[in-house]
Amino acid sequence: VAVQWRRGRRFNLQTDLKMTTSWSDRLQNYADLPANMDGLAMKKYRREAYHRVFVNRSLAMEKIKCFGFDMDYTLAVYKSPEYESLGFDLTVERLVSIGYPQELLNFVYDPAFPTRGLVFDTLYGNLLKVDAYGNILVCVHGFNFMRGPEIRELYPNKFIQRDDTERFYILNTLFNLPETYLFACLVDFFTNCPRYARGRKLSCLAGHLKQWKAIPLKASMSKLTNL
68 VAVQWRRGRR FNLQTDLKMT TSWSDRLQNY ADLPANMDGL AMKKYRREAY
118 HRVFVNRSLA MEKIKCFGFD MDYTLAVYKS PEYESLGFDL TVERLVSIGY
168 PQELLNFVYD PAFPTRGLVF DTLYGNLLKV DAYGNILVCV HGFNFMRGPE
218 IRELYPNKFI QRDDTERFYI LNTLFNLPET YLFACLVDFF TNCPRYARGR
268 KLSCLAGHLK QWKAIPLKAS MSKLTNL
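All residue numbers for the sequence shown refer to the working numbering, where the first residue is 68 and numbers rise by one.
If a hint is listed, it holds; no wrong ones were tucked in.
Cut-off 27 Å, straight-line C-alpha distance, at most; resulting in silico cross-link-like pairs (DSS-like, lysine-lysine): (1) Lys-146 - Lys-196; (2) Lys-146 - Lys-132; (3) Lys-196 - Lys-225.
So the derived label-pair ranges between C-beta atoms look like this: (4) Thr-182 - Gln-228: 17 to 23 Å; (5) His-118 - Pro-261: 56 to 62 Å; (6) Glu-129 - Phe-226: 56 to 62 Å.
Just so you know, the hints here were simulated from the structure itself, not pulled from any lab data.
Glycine included, each C-beta is placed from N, C-alpha and C at the ideal position.
Please model the complete structure; the sequences and the hints are all you need to start from.
Next up, the structure:
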């Protein structure tokens with residue numbers, strides 16, 4: 068029997084391992100295995116710890132008819148960009164169904180554009196990349212990357228107050244990727260479409276949209292993800 072020394076006491080490898088083996092491991096070894104399973108088959112059946120799902124109580128799975136879980140990347144890894152593309156398309160359909168232009172249905176999700184951690188300025192409709200202190204590193208209006216003088220015209224110190232959540236919407240999760248790209252698509256469309264008034268603050272859009280912040284994108288995304 069292998070014996071090692073640990074913290075001033077003798078350590079019997081075989082005995083101590085039996086004592087420290089968790090009850091779930093022992094259950095996996097014995098209770099939930101078919102009686103006719105031999106040792107070799109048992110080793111193949113046994114799952115490594117990183118392949119198991121742990122719960123804090125026992126559950127009779129044969130009584131469960133369906134499974135549901137939050138869309139938070141804990142129990143599932145979503146296929147990308149198919150997942151984001153689906154969320155993008157469904158949100159566009161939702162916007163069209165509540166009165167937005169049919170041209171929006173021509174939008175196609177581009178996974179190469181959005182990135183996590185951007186900030187949407189609901190006053191000017193800009194997507195901003197800022198550092199931890201609020202200094203603006205990149206500013207995009209629709210798909211137009213603005214230059215330094217243009218940025219300073221709107222943001223004199225190239226700085227924003229990130230804690231102003233009434234104005235600035237932080238897009239910092241994987242679920243915000245299609246939302247980020249859709250913001251860019253909508254701003255680009257309404258800025259360049261001759262049917263709508265042009266202006267930094269989007270003063271008028273067909274009578275029903277007065278500001279960029281009026282775009283019900285967050286509500287539409289939330290409605291879809293909570294179906």
